[in-house]
Amino acid sequence: MIFAGEEYGTGSSRDWAAKGTQLLGVKAVIAKSYERIHRSNLVGMGVLPLQFKGSDTLAGLNLNGDESFDLTGINDNLKPQQDVQLSITRKDGSRQAVTLLLRIDTPIEVDYYKSGGILPYVLKELVG
Amino acid sequence: MSSSTASHNLFNTRQPFTLSSGKQAALYSLPALEAAGIGNISRLPVSIRIVLESVLRNCDGKKVTEAHVRELANWKPNAARTEEIPFVVARIVLQDFTGVPLLADLAAMRDAAAKMGKDPKVIEPLVPVNLVVDHSVQIDSYNNPDALKINMGLEFERNTERYRFMKWGMQAFDTFKVVPPGIGIVHQVNLEYLARGVQHKDGVYYPDTLVGTDSHTTMINGIGVVGWGVGGIEAEAGMLGQPVYFLTPDVVGVHLKGKLREGVTATDLVLTVTELLRKQKVVGKFVEFFGEGTAALTLPDRATIANMAPEYGATMGFFPVDDVTVQFMRNTGRTAEEVDAFEAYFKAQGLFGIPQAGSIDYSSVVELDLASIEPSLAGPKRPQDRIALAKMKETFNTLFSKPIAENGFNKPAAELNQRYVTAMPDRDSRMCVPISGGGRQDGAQSSSEMEMAGDHPTATLRCETSGEMLPPVEIGHGDVLIAAITSCTNTSNPGVLLAAGLLAQKAVAKGLRVKPHIKTTLAPGSRVVTEYLTNAGLIEPLAQLGFTVAAYGCTTCIGNSGPLDAKLEETIVKNDLIAAAVLSGNRNFEARIHANIKANFLASPPLVVAYAIAGRMNINLDSEPLGNGKDGKPVYLKDIWPNSAEVQTVMKFASDPAVYQRLYSDLTKDLPLWNAIAAPTGNQYQWDDSTYIARPPFFDAATPKVGDIKGAKALALLGDSVTTDHISPAGSFKPATPAGKYLQDHKVAVKDFNSYGARRGNHEVMMRGTFANVRIKNLMLPTKEDGSRIEGGYTLYKGEQMAIYDAAMKHTSPTRHPP
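Residue numbers (this note's numbering), protein chains in the order written: chain A, 1 to 128; chain B, 1 to 819.
This is chain B alone, in the form it adopts within the complex:
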């Protein structure tokens, strides 16, 4: 089965196109559309033209009409934005949390087809889907040669039910592919492997476009792929061949000029871009980079900037295709045929090359001189709050006593330098504590914050023997307790990762060390990273400073930082310490990286290593030493900061196509834990009584008869601004809620509840959670004496107060008596 293939020839745009092999193919030509007088297309932003190609090619007179083509072909830089664009994407990417319910729906659809007497195999996604498992692994072990093995072991223990289902899915579908846990982070795997350049079907070539169920999907904009993050249900519509709708956007052009100064990294650049574009208010807009500064950026640097589009607020941070893109595709092991088709297609469409100033009509233009960028961090609570390296100490110390409303911590200045000693570990007791981690749920505003609450496992209980615990240590405000080289943003960029390795090498040579109570991790975006760090001889110095490879996944950046030493956490909580994390991630909202770490700073991988060595954030690394070397002399950051020539000499290790081809040729070869999972096989899933995975009932009802609705009752009367979080809350839930009762009835202990997000493959749990937010106000309930109203997911059924789920079941029960 396949979706209908484009075969129309609207405006005579279906044109032949010759590949370098001499093979003849076809495309829907944008130059031909312009020649037909439909619009001044060559002056449109490149990103708009790529969307226009999809609209043109998918024009079927129903979902996508000629009017849609004309409308977008006549996009004006400044106009009232009222029209929605129907965008049929070329493929879908999913992470494991959001991917499971989609797979469950597909499996249920197969059952429905079989029930209708059809071959279940006819059910396949209409658009290719890749699910990458990266959101589940937590950091339980660090600074340990076996950390990766230990963390993956626990990951598989905790996620067996979900993994079993995904493993079935992997063999059951041709167009729903699963990249198992332990391979990498979805956006890096997309960049290195899943994106194949251009797509083709039945001889028609078209650009790679996508939507993904993670906000940092925009990273792929770095190689000229139009795509962004959407909710699970939009991705599902896309997977089923339906258009994803979005409001016609403004496009802000960012004119990059000049080049980065010596010692300035891509991370410094993206934090500056985030600060700048936040101020320009680019929310809901496309951002497109152009000009000579853009053309001079390496591909990984472009991907780093594209990655943080959600932080600057844009729908995309788009980089057109040029020679740099083509070379990247070649270096990362795409076949010669793929790379040739990619280059030929974009040239034929007039879409090749980074536009120069004045060649495109943008809604507005922002200029940035790359030479003005300085070494930077961002924090302590928001990614757009950039701090120059030299101002770091002053900023922390000032914010310490500033009011909360001014981004501060509202602490008495006199406490700033106070130190606290952790208690002795309890040598005799065997402690069982709930695993702490990040992902606090209240007050989420941006989609990125919501993800950190929803798409993230909540921890279970961990028992440890006292032998693993640290001896007493002295800690204070501003101390670094988590230092993580993590996240899609930076661990995919060899420029900064090799720099971190080189810095570590120099630090080790000088005799510098990192204190063992600092949770140091290296969580690469893919196995390629470990390969090039090893080949460059840099994995060992990183390990000597505690940065051993701990996992391949999102880890600390989504709040999967795992517990700190119990006595450390006790000291932090008891004394309300403003402890710090420094991470090479893309977000740092308070208490989301770790529940007890209040100050979180984003920084480049080499700066993460440097601050780990220094052990505190309130230090001026421009003027104060990181520590003393083995010769007793102070060592400064400038003494160990690698220069660009040094980085350049090891860059060759990151551009060997053979490495990429080898590591992606067999995704399960090196995964014994995955291979050991006993998963059912066959075209249809053998549903069991899992409380994580259940067959959704969406195909159970006969086609409804469209008609009037009689005798309906109100389930809830709600006020203004009811959010999707009110309707379908994220995070953990209480034993007394309908979802909690359901799980207990199914022998799930409260400690093993996990989160709504982790159980979204089970509709029984999810429907019980609907309208169960503790803050939802149903105006049906009478006011209390003080005039306030009972909050929570309650309603009245025949005058009796009960949970909305319980009332809904009574309303819809076939045995209910009419009023």
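The following block holds chain A by itself, in its conformation from the complex:
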């Protein structure tokens, strides 16, 4: 996972920004807010864009990188803009639950995500 602050993915669109993220094995990006196009590109590559809610921030989580993370609430009935639960397990065994907003924004994006991204989605459509 990648954690970030506000306006993740600003700047001109780079064709490999979302593709490269996916190829590194990143399953989800969790940020305070997203640049419009990069958010859509992440979904297009099958990477979940998740967003902190309310006053939650990355800084408030006090992460140092040795934690383990679970994301729950992701299933076949995925809905745009639904809640997803992030569970943080720290090295000392303590746990913390955080509710995140799923930034899959439209029904077609749900289909893209379920297929693993736009490319496999279109392949499936074409070969029937």
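Hints in this document: simulated from the structure, not taken from any laboratory. Misleading hints may appear alongside valid ones.
Quick list of in silico lysine to any residue cross-link-like pairs, SDA-like style, CA-CA up to 25 Å [as the list claims (entries may be wrong)]:
#1 A:K124 x B:S7
#2 B:K710 x A:G128
#3 A:K79 x B:T175
#4 B:K279 x B:T175
#5 A:K32 x B:D708
#6 A:K124 x B:T175
#7 B:K633 x B:D622
#8 B:K121 x A:A97
#9 B:K118 x A:S115
Now the stretches of chain A that chain B is said to cover, found in silico as 3 or more residues with beta-carbon under 8 Å [what the hints assert, rightly or not]:
#10 36–44
#11 57–70
#12 109–120
Among the chain B residues that face chain A by a calculated CB cut under 7 Å, a handful are [to be verified]:
#13 V122
#14 G232
#15 A678
#16 T703
#17 A712
#18 L715
#19 L717
#20 G719
#21 T724
#22 T770
#23 V774
Cβ coordinates follow ideal geometry from the N, Cα and C atoms, glycine included.
Guided by the hints, dock chain B onto chain A, whose structure is given.
Frame of chain A; chain B shown alone:
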């Protein structure tokens, strides 16, 4: 295979429509939509109506819904902009840098289909794609009758692996077409040839619309085509039939009045429009031109203004279709059937003609009197900083000593007139130097600047014998060292190109010359330009002043200016000279045209020739002579400036439909280097071990099971405003990075690394570059003693610091042990 054809009849808008041949067809009617009471459509900006037609026609209840149609049909000039518009475009245009990965994905998709036991031929783009190769050629040779041949020879040497792949693609797909290198610049080729007026599928006619992977895609707005530049991945979604999403825009109407004065060019006009609209803050908005001044503009002048939309900041600089557009389509060799359908369609939709004042409700209106435009340049660092011709000398001399923050060069005023003599060439040594050029990467802000770093080859080594080197010359601050008639903006406009030729003819007749150390080039937007300049008898005088045809491509305008004479560069660097380039391009960001040229001025092609003759930018061409004629008398700019009647007499050479038809009938006929490339054939690509092209793994995994994610680890903890450049850097990279190590492991020497941009057809390189920006800060890494943090693409894996790519591979390795 084809995408689903629109067949619905929402709001009874699918209407019959009769072509002039009497043939019956159908369209999705905007007047019918208005009649159905859905919105006050006839008062919407024309550009919004064209997008609305796409939304209506592509309404499928899923990607595009009835709510989208209602929303856009009720576009309000001023409202909070929160809704995204799903825009399914009619076609896609690509340049070679961004096009290669899309072709690689298509080729991989064919392999995947074959693996599933299907015919690979079912994989075609769902929307027609044209890739035009124009970004790779560099200027190694200039002022030489063989310059074109030499530059193309080197271009093919340096790009063989990519070209081989594109050549395979050319024969493998029906709807992915490749325009080979040496034909022209993508936007000019689009204007002259690729745009066919209206499109039709299964009897339904619809406007030509597009997105392209280059910011100056907007040039096509000049013929009423809605389209703009997008990133490679949006273009890919579009190519695969998915909508391109954009935020509902404001539309700024620009009311052009009056007409240009004698001797004022389209370049002067576009630089003024850029200055004006920058101040109006049109970023993210559509700009639409209207009024009698707009109607009186020639089509190439409209295209020039549309071209620079990224410089004024707008998403588009749109010109509706009218009689001028129809005549242009006819003059450039479109068939009678195409031109008739084009005209009939726009008339049937109520979209024909340049709107008059008051007929459309724009978000705001800006007025510009064309009679107020004066001869202009722009620079030295930004395209919106216009300088009146008469103020050029004063502006340069003032900026020379102004602080950097005030756009200046912060040099002591006393040094302004100092001259420096270059060293003698080393007669004995054979020098091998890295080729200099433009495209510095730091501090890029606009998309246009980012492109100059990313979509541009980085140079390799060049060895030359001392015999090619110049004898010592004297140079100083403000001297012109590059004078380039280049770029899509102006080399597509016969008005200014013929003017440049006429000026050259008069200059030569007076005995004026250009100093040979000035890198003079003519890089036309298409071969049509060379044809009409030749037919008008103007190619020869341009050549006599050093402006021989050097390439058909973007060249100097994207930083492919190539090296200057080694001794010149040495003198510039050693003395920190503020040397100048003058180019007919669309951007001039510092060090991007050429690494060692700090002052860059945009100007019309005839002014480029004039400043090359003068040899310096700090001259007032209104009052000082360009030089002395062969009779020893001073020659002024006004003595050789062609008048509009003279330009008009040669304009006929640029509007011969037969020339366009002939030059575009066979795109490979005159390209021996392209034809000599041994490329594989067949429906599937035979992947080799190229470090430029590799089969991307996007179809390798089985469809993922959608479910909870367990036991994930953080790869990076990042701060605010992480940019796409942090995530996927552009430009060159170091040997010690994962990408650098990969290439060295594959026997690529450091000097041949090239750039991330050039290697984006190889996912192995690109994934190693992801999060590898030298300035990215991972908050996971402990702070140093001084409180700062290690920068660069590093992370911690089980407490050990390593590159993000290396850690990602350890995290995802199937053999890793759970923590």
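Hint by hint, here is what the structure shows:
1. The hinted pair formed by K124 (chain A) and S7 (chain B) meets the criterion: a straight-line CA distance of about 23 Å does not exceed 25 Å.
2. Between K710 (chain B) and G128 (chain A), the direct Cα distance comes to roughly 32 Å. Violation of the 25 Å bound is thereby established for this hinted pair.
3. Pair hint K79 (chain A) plus T175 (chain B) does not hold up; C-alpha atoms about 35 Å apart against a cutoff of 25 Å.
4. For a cut-off of 25 Å, the pair hint linking K279 (chain B) to T175 (chain B) is broken: about 42 Å separates their Cα positions.
5. A distance of roughly 21 Å separates the Cα atoms of K32 (chain A) and D708 (chain B); the hinted pair therefore holds under the 25 Å criterion.
6. The straight-line distance between the Cα atoms of K124 (chain A) and T175 (chain B) is roughly 19 Å, inside the 25 Å bound, and the hint therefore holds.
7. About 17 Å separates the Cα atoms of K633 (chain B) and D622 (chain B), which keeps this hinted pair within 25 Å; it holds.
8. At most 25 Å may separate the alpha-carbon atoms for a hinted pair to count; K121 (chain B) and A97 (chain A) exceed this at roughly 49 Å.
9. Proximity of K118 (chain B) to S115 (chain A) is assessed by CA-CA distance (about 19 Å); at most 25 Å being required, the pair is judged to hold.
10. Restraint check on the segment 36–44 of chain A versus chain B: 6 residues with Cβ-Cβ distances below 8 Å, three needed, restraint holds.
11. A count of 9 residues in the segment 57–70 of chain A with a Cβ less than 8 Å from any Cβ of chain B is obtained; the coverage claim is therefore met, three being the minimum.
12. Residues of the segment 109–120 of chain A with a Cβ under 8 Å from some Cβ of chain B number 8, which satisfies the need for three, so the listed coverage holds.
13. A cut of 7 Å between beta carbons decides the hint on V122 (chain B): the least distance to chain A is about 6 Å, and the hint holds.
14. With its C-beta approaching chain A no nearer than about 3 Å, G232 (chain B) sits inside the 7 Å limit, and its interface hint holds.
15. Taking 7 Å as the C-beta contact cut-off toward chain A, the hint placing A678 (chain B) at the interface is violated, the least distance being around 28 Å.
16. The criterion of a C-beta within 7 Å of any C-beta in chain A is met by T703 (chain B), whose closest approach is roughly 6 Å, and the hint holds.
17. Of the supplied interface hints, the one on A712 (chain B) holds, with its beta-carbon coming within about 4 Å of a beta-carbon of chain A, less than 7 Å.
18. For L715 (chain B), the suggested interface contact is upheld, since its CB lies about 6 Å from the closest CB of chain A, less than 7 Å.
19. Taking 7 Å as the C-beta contact cut-off toward chain A, the hint placing L717 (chain B) at the interface holds, the least distance being around 5 Å.
20. The interface hint given for G719 (chain B) holds, since its Cβ lies 5 Å from the closest Cβ of chain A, which is under the 7 Å cut-off.
21. With a cut of 7 Å, the hint placing T724 (chain B) at the interface with chain A holds, because the nearest CB-to-CB distance is about 4 Å.
22. With a cut of 7 Å, the hint placing T770 (chain B) at the interface with chain A holds, because the nearest CB-to-CB distance is about 3 Å.
23. The beta carbon of V774 (chain B) is not positioned within 7 Å of any beta carbon in chain A (closest approach about 16 Å), and the interface hint is therefore violated.
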